[in-house]
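*Asks:* Going line by line, the protein sequences match chains Z and S.
FYI, the numbering for the first sequence is 1 to 187, going by our numbering.
FYI, the numbering for the second sequence is 188 to 759, going by our numbering.
Mimicking BS3-like on lysine-lysine, the simulated pairs with C-alpha atoms at most 25 Å apart in a straight line are:
1. Z:K42 / S:K390
2. S:K236 / Z:K2
3. Z:K2 / S:K249
4. Z:K32 / S:K390
5. S:K236 / Z:K3
6. Z:K48 / S:K390
7. S:K500 / Z:K110
8. Z:K178 / S:K390
9. S:K465 / S:K221
10. S:K597 / S:K249
11. S:K467 / S:K347
12. Z:K111 / S:K500
13. S:K228 / Z:K3
14. S:K228 / S:K243
15. S:K253 / Z:K3
16. Z:K104 / S:K500
17. S:K641 / Z:K93
18. S:K709 / S:K467
19. S:K759 / Z:K93
20. S:K243 / Z:K3
21. Z:K2 / S:K253
22. S:K604 / S:K249
23. Z:K111 / S:K759
24. S:K500 / Z:K93
25. Z:K178 / Z:K61
26. Z:K3 / S:K249
27. S:K243 / Z:K2
28. S:K221 / S:K347
29. S:K465 / S:K215
30. Z:K178 / Z:K48
These are calculated hints, taken from the structure and not from any lab test.
These are the residues of each chain, in order.
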Amino acid sequence: MKKYITQSIRLTLVLMVLLCILYPLSIALAGKMSSGNGGGEKITRNGKVIGYALLGQSFTKPEYFWGRPSSVDYNAAGSAGSNKGPSNEDYLKLVSDRIDTLLKYNPGIKKLDIPADMVTASGSGLDPNISEQGAIIQIKRIATIRKIDVRKVAELVVKNTNKPILGLFGPSSVNVLKLNLALDELN
Amino acid sequence: MDTELLGIVATFLLTMVIAIPMGKYLAKVFAGEKVWTDFLKPLENGIYKLSGINIKEQMNWKQHLKALLTINILWLVYGFFVLILQGKLPLNPDGNPSMAPDLAFNTIISFVANTNLQHYSGESGVSYLTQQFVLMFLQFVSAATGISAAVVLFKAFRDKTTVELGNFWEFFVRSITRLLLPVAIIVALLLTFNGTPASYDGKDQFISMQGDTVNVSRGPAAQMIAIKHLGTNGGGYFGANSAHPFENPNYLTNTVEIVAQMLIPLAMVIAFGFFIRKRKFSWMIFGVMTIGTLLLLIPAITSEIGGNPAIAKMGISQSTGAMEGKEVRIGPTATAYWSIITTVISTGSVNGMHDSTMPLTGMWQLLAMMINSFYGGCGVGLLNFFIYLIIAVFISGLMVGRTPEFLGHKVEAREIKIAAIITLLSPFLILTGTAMSSYVFTNVAGADWAVQPKSWLNNPGFHGFSEMLYEVTSANANNGSGFEGLGDNNVFWNVLTGVIIFLGRFLPIIGPVAIAGLLASKKFIPESAGTLKTDTKTFALMTFAVILVLNALSYFPALTLGPLAEYFTMIK
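For reference, chain Z alone in the conformation it holds in the complex (with noise of 0.2 Å):
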């Protein structure tokens, strides 16, 4: 029994070496290449940071697309979903706030045309995308207020949308980050 406690312990000391110095730091260091540094790639705009590619943020002004509902706020350092189940009244009674939100701004569109994530919460609260057909159904109020073309923002939302892999696998989404960055620099 005293032969496992030492052998236990000594192998646990020497695997620490192996798994929690050697292959992280080797991880972080290959990481240094990466787009990010390994930190998180950011998106800079005169020199500023202005967000993270992957991190959704919070637009809620006419003017911008917006992303989805999120139950954190866009909090980036405090994950979450809303785990409201499917059932729950409150939860409906949102979902239908948010339709009639919609509804408000933008003008010309029918319920039937807005699509599930426009209503919906996120799983990490942080979702950087919306579907392409969510971000089809602003594009009007948003030419209207920023006085251009409608064609120009439809090209736009084309132009930043991400296909499926290879054309084949997985559902097709748009960044609204991104999104609004080329907006802001159409005008």
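Given the coordinates of chain Z, assemble chain S onto it according to the supplied hints.
*Replies:* For chain S alone, kept in the frame of chain Z given last:
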């Protein structure tokens, strides 16, 4: 076929294509045969030497269990102290506090037991030291513990009669050097180059486009996410687990992570057949597991793609499926697929919130954890399945009126008693645990705990009951996922699930290893015309029936009160 469905079909096929050769490889590694990774032998010999281990020492099943339990208890003690002291220890750039003792108790058991039920949130609850030297370390070694225990079972059925079952330390070290570490490096690099943070930089801050100040949690996440999947652990670096865009940046990484978590459980089944030179037998097991998984997978995906009927009533088209708690870059189909894989496999990582899935999807997730052996966790999945096999052999034996035999050894009263205890343990823990929590919720509602019982549910009615049932089931299955709406960081849940995880981990390792050791020491009976053949379709069907009947009898009432009741009230 739509691109989301095509994506998961490709994922499933890709997993099979990698797992089958990996199984052959593992069989050779553990049999000590020549493999291409033998260049690592000097590293292993160095580890043995520094640890004072002589791998030529043969162990019997009791010695295996002693070694296994000793090192696991050591990790429990070590980890507990780091957790309650982490606030004062180095490598804590975000200044996160030490854990309360009850939370530390729960967390350390949970990680030693390959469960990773997390009652804390990664961003604010642990330091970098804890993440790497306790949590990630345990993700490697707890997976290796499970694999080694399964290899003892392999050994027991390779030779005709034997008490020498190899050396535990050798199995343990080899599962790390030949499997977990190399594959983890590949996965971690894939994640890093797709955007997952891997550096030790602390929290960052920026001003968003709209002028909000945003804090960003970062840290060496890629390293941990690789092993959390590969080792079927599931504990995320960030609170939202693999739904977090840093943990799972795109559809490609999603595929990598879901393939990584299925690999070893599948490969172990294949390895078993090669190791004991009965490949047909392991294909029988593989077949039962795969059919079982598909039977859970298909209805779950269907119910998620169908969307939420209550939202459909509002006039919203859910063209791709239900989106609450899911990410756009992954989509409902791949999220539903993941939710079943992570529950059959006992990983417990999530790429979408299970609490927000449709009632029936929730039921399939629960059932996957209750059965807990369709593939199952690293090594332990096979051990759980072994118990079902023993019961199936026993019942078949009774039906044909012969002494039951398993792979050439008589199965007698002692083995059946152990198998029966292990079989009854799960329903006992799950049902009494849920009953206790329901009792506390209704009768001690105002207790003065960190989270009061009356406010620990995030959803009313039947769904609230499901939240408690899910938590206890996940603990017993060593899964670690949750209906995360449950306010579970209080003394009641920490202690209850801590105890359940502990029993649900170690008894189902001790039981099968003991049975295997006992059987292996018995006289070998050569196959004759009267032998019950265990590698046939008939026996596969028998095993499947045993699994179905045992679980239906145990859990149907509980499932009726939770997900089924919610489903029927929703569609009425």
